[in-house]
Amino acid sequence: MITKKKILLNFDLDFTIIDNTIGISNSFNYALNKFNLPPLEGTKIQLMIGTPLEEMFSSVSDSRITELCAAFRDYYGSKGIFEVKLIPGAVKTLSKLRGVGFKLGVITSKKHEMAVKLLKNLNLFDLFSFVLGETEEIRNKSDPKIRALLDNKFPNHKFAVIGDHINDRALAETLNCPFIGVLTGNHSKKQLVNQSKTKTVIVNSIGEISVEMVSELFSNSNLI
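If you're matching positions, the sequence shown starts at 3 in this note's numbering and goes up one per residue.
A couple of the hints might just be wrong.
[Stated by the list, open to error] The list that follows gives simulated cross-link-like pairs (lysine-lysine, DSS-like), each with its CA atoms no further than 27 Å apart:
1) K87 to K113
2) K46 to K192
3) K8 to K147
[Stated by the list, open to error] For each label pair, taking beta carbons as the anchor points, the in silico distance ranges come out as:
4) G101 to S65: 48 to 54 Å
5) S65 to F132: 23 to 29 Å
6) G101 to T68: 40 to 46 Å
7) K191 to L88: 33 to 39 Å
8) E138 to V195: 14 to 20 Å
9) I67 to N188: 18 to 24 Å
10) S80 to L151: 27 to 33 Å
11) H159 to R66: 18 to 24 Å
Everything labelled a hint here was simulated from the structure, so no lab data went into it.
Every residue gets a Cβ at the ideal spot worked out from N, C-alpha and C, and that includes glycine.
Produce the entire structure from the sequences given, and follow the hints as far as they go.
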């Protein structure tokens, strides 16, 4: 038998809890402009959100990727991080889940220090027991070291992943845990469900996630 206190719900950030499209787009084009590269339309940048920053810049340039990423982070850390809004229902859902005993975590492709700064700026940081962004040791969500890190920090826990991207589903598969896909990003229900190797539930947005829905994911675990 498992209690809610032994379950960690790992949320993605972009397009799951927050909409940082303006900040990311402005940061991206700031970096391009700094190195005399043509700007990219916001809609095209939006489609890339959720993938590692190096991959985003590699799609528009064959060189200076490290410098472009550094320029992006210069703007983002001072301005872009504040050009953000919450997905409707996010705070209510997070507070409700935490209030009944679930532990909450964040696993994001953002740099770790940026993720922490952003959550603190939004007064959300204290809702989470765990925050993991990109570090020197863990570069992306497909890194198998994430499972070892979680098992070490949260022994005898079960996990779930909530996100908008197929990379979030891949993380759930790596963790061998349920996945709740939200449709507030760039992926369709079909894309999030297709060839899924783990228990998958799709909702329109984080605001639709209920205590009952999460509990049902662990219905075979005699959740109390």
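Status of each hint after checking the structure:
Proposed proximity of K87 and K113 is supported: the alpha carbons are some 19 Å apart, at most 27 Å. The suggested pairing of K46 with K192 holds, with an alpha-carbon distance near 21 Å, which does not exceed 27 Å. With a CA separation close to 20 Å, the supplied pair K8 and K147 stays within the 27 Å bound. Taken as a hint, the range 48 to 54 Å holds for the pair G101 and S65, whose Cβ atoms sit roughly 50 Å apart.
One distance hint, 23 to 29 Å for the beta-carbon pair S65 and F132, is violated here, with the actual separation near 37 Å. The beta-carbon spacing between G101 and T68, approximately 43 Å, falls within the hinted interval of 40 to 46 Å. As the Cβ distance of K191 to L88 is approximately 23 Å, the hint placing it in 33 to 39 Å is violated. For E138 paired with V195, a C-beta distance near 34 Å fails the hint of 14 to 20 Å.
A beta carbon spacing of about 22 Å between I67 and N188 agrees with the range 18 to 24 Å that was offered as a hint. Distance hint check for S80 and L151: the Cβ-Cβ separation is about 30 Å, which falls inside the suggested range of 27 to 33 Å. Distance hint check: the CB atoms of H159 and R66 are about 42 Å apart, inconsistent with the given range 18 to 24 Å.
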